[in-house]
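> Assemble the complex: chain A is given as a structure, and chain B must be docked to it using the hints.
Number of protein chains: 2
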Amino acid sequence: MGTDSDEGVDTQEAIMQATYRALCKDGYANLTVQAIADEFDKTKGVIHYHYDTKEALLVAFLEYLLEAFEQNIAVDDQADPDERLLTLIETLLFGPPERGEFDHWELMTALLEVRTEAPYNQEFRRQLTRNYETVEATVVAIVEEGIEDGTFREIDPELVATLLLTCLNGARIYQVTLQRDDVATDTQESLEAVVADWLRRSESADEPS
Amino acid sequence: MGTDSDEGVDTQEAIMQATYRALCKDGYANLTVQAIADEFDKTKGVIHYHYDTKEALLVAFLEYLLEAFEQNIAVDDQADPDERLLTLIETLLFGPPERGEFDHWELMTALLEVRTEAPYNQEFRRQLTRNYETVEATVVAIVEEGIEDGTFREIDPELVATLLLTCLNGARIYQVTLQRDDVATDTQESLEAVVADWLRRSESADEPS
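Chains as they are written, first to last, in full-length UniProt numbering: chain A, 1 to 209; chain B, 1 to 209.
Heads up, a few of these hints could be off.
Pairs count within a copy or across copies, as identical chains cannot be separated in the list.
Think about it this way: if two alpha-carbon atoms lie no more than 25 Å apart in a straight line, the pair counts; the simulated DMTMM-like pairs of lysine to aspartate or glutamate are [as the list claims (entries may be wrong)]:
#1 Lys54 to Glu117
#2 Lys54 to Glu113
#3 Lys25 to Glu117
#4 Lys54 to Asp10
#5 Lys44 to Glu123
#6 Lys25 to Glu113
#7 Lys42 to Glu106
#8 Lys25 to Glu67
#9 Lys54 to Glu13
#10 Lys42 to Asp6
#11 Lys25 to Asp41
#12 Lys42 to Glu7
#13 Lys42 to Glu55
#14 Lys54 to Glu67
#15 Lys25 to Glu90
Since the hints were made in silico from the structure, they are not lab data.
Chain A with its partners taken away, still in its complex shape (with noise of 0.2 Å):
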């Protein structure tokens, strides 16, 4: 099959940054595969002969973006556990470095629509849940590698990815549909203070044990 090709694999890819360009441009009512095709050097039928629908360009796109926090998350392993965490958090409040400030919040404007589909939308919400569910299972991961190594207190990890999870999420819809430009600023600095005062073990503060 052509997508299993390194060309089509490439081209994959081509199309994803497509994507992505005329998501920032444009959102996602206005995303066409015309709008797409303009972001690169391929026609329409190109896009097509990879994605039947709109709805299976978006499902990959979804996944495109999850890889792409997969590949960023990776990176940083030799880091101590509450770093990781302060880094996680930075990087789903404001993007990965290497996105401009901009884009990001076209972005997440662009994708709080395409999850407004979700609770119509199957294939959306089977995306999303696994999206949600790899995050999820990466601060559980961070959290009890902070407990094993004395960094965290004992603490559910499940609770702690739950309230991360969700703070992020609202304060990344409340930045883009509010007049108010602090709040992701205001949230990083409230997770630092949950993690500096909840999480960290605090050596005046030890419970018995």
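Okay, now just chain B, sitting in the frame of chain A:
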């Protein structure tokens, strides 16, 4: 003006309740003046008399939800700060006690659709910001009172408010967009742990003052 008379107020209240039912049933995308008129014993003309546009009606509805929230919160003024905070968390996650569970999540789905319009609609953004800031001020007031009466430790109330609001917003949206029905209850558990372990002054872990 008709809208200031008792009859006008009653009609507006009836329109708001009809809007509530229509939103829960059909979602925001399918919300029409006819669908609202079908939910009560008045004609479309009555609705148009009070609200020129669907946008004006939706802004009034967001205001109506905010007022319902404020009335709901005021009842609880006598309880301890930590109980009031836990009640607030429960109400914001699962709706006020008199609303059915089903309707609550249908409403949350419709409100997500309204919120998704906010980046492109200044009136929605303005009203959603007002709602956010009212809930924020409510949390700040409870935390300040809790610090004063010794229930909570010395903590920046604004940081707590940001954490709670983003977390609750993210949880409500995950609850209606993921293939999981446990995010809201998990979030309640997480925030209860935050209140118990992070906010509440612990006898054994008092900070030096």
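> For every hint, state whether the structure bears it out.
Evaluation of the provided hints:
no. : hint            : verdict
1   : Lys54 to Glu117 : both (13 Å within a copy, 21 Å between copies)
2   : Lys54 to Glu113 : both (14 Å within a copy, 20 Å between copies)
3   : Lys25 to Glu117 : both (19 Å within a copy, 16 Å between copies)
4   : Lys54 to Asp10  : within (20 Å within a copy, 46 Å between copies)
5   : Lys44 to Glu123 : within (23 Å within a copy, 37 Å between copies)
6   : Lys25 to Glu113 : both (14 Å within a copy, 21 Å between copies)
7   : Lys42 to Glu106 : within (24 Å within a copy, 42 Å between copies)
8   : Lys25 to Glu67  : within (22 Å within a copy, 37 Å between copies)
9   : Lys54 to Glu13  : within (16 Å within a copy, 41 Å between copies)
10  : Lys42 to Asp6   : within (16 Å within a copy, 64 Å between copies)
11  : Lys25 to Asp41  : within (17 Å within a copy, 45 Å between copies)
12  : Lys42 to Glu7   : within (13 Å within a copy, 63 Å between copies)
13  : Lys42 to Glu55  : within (20 Å within a copy, 40 Å between copies)
14  : Lys54 to Glu67  : within (20 Å within a copy, 41 Å between copies)
15  : Lys25 to Glu90  : within (23 Å within a copy, 38 Å between copies)
Every hint, counting from the list given before, is met by this structure.
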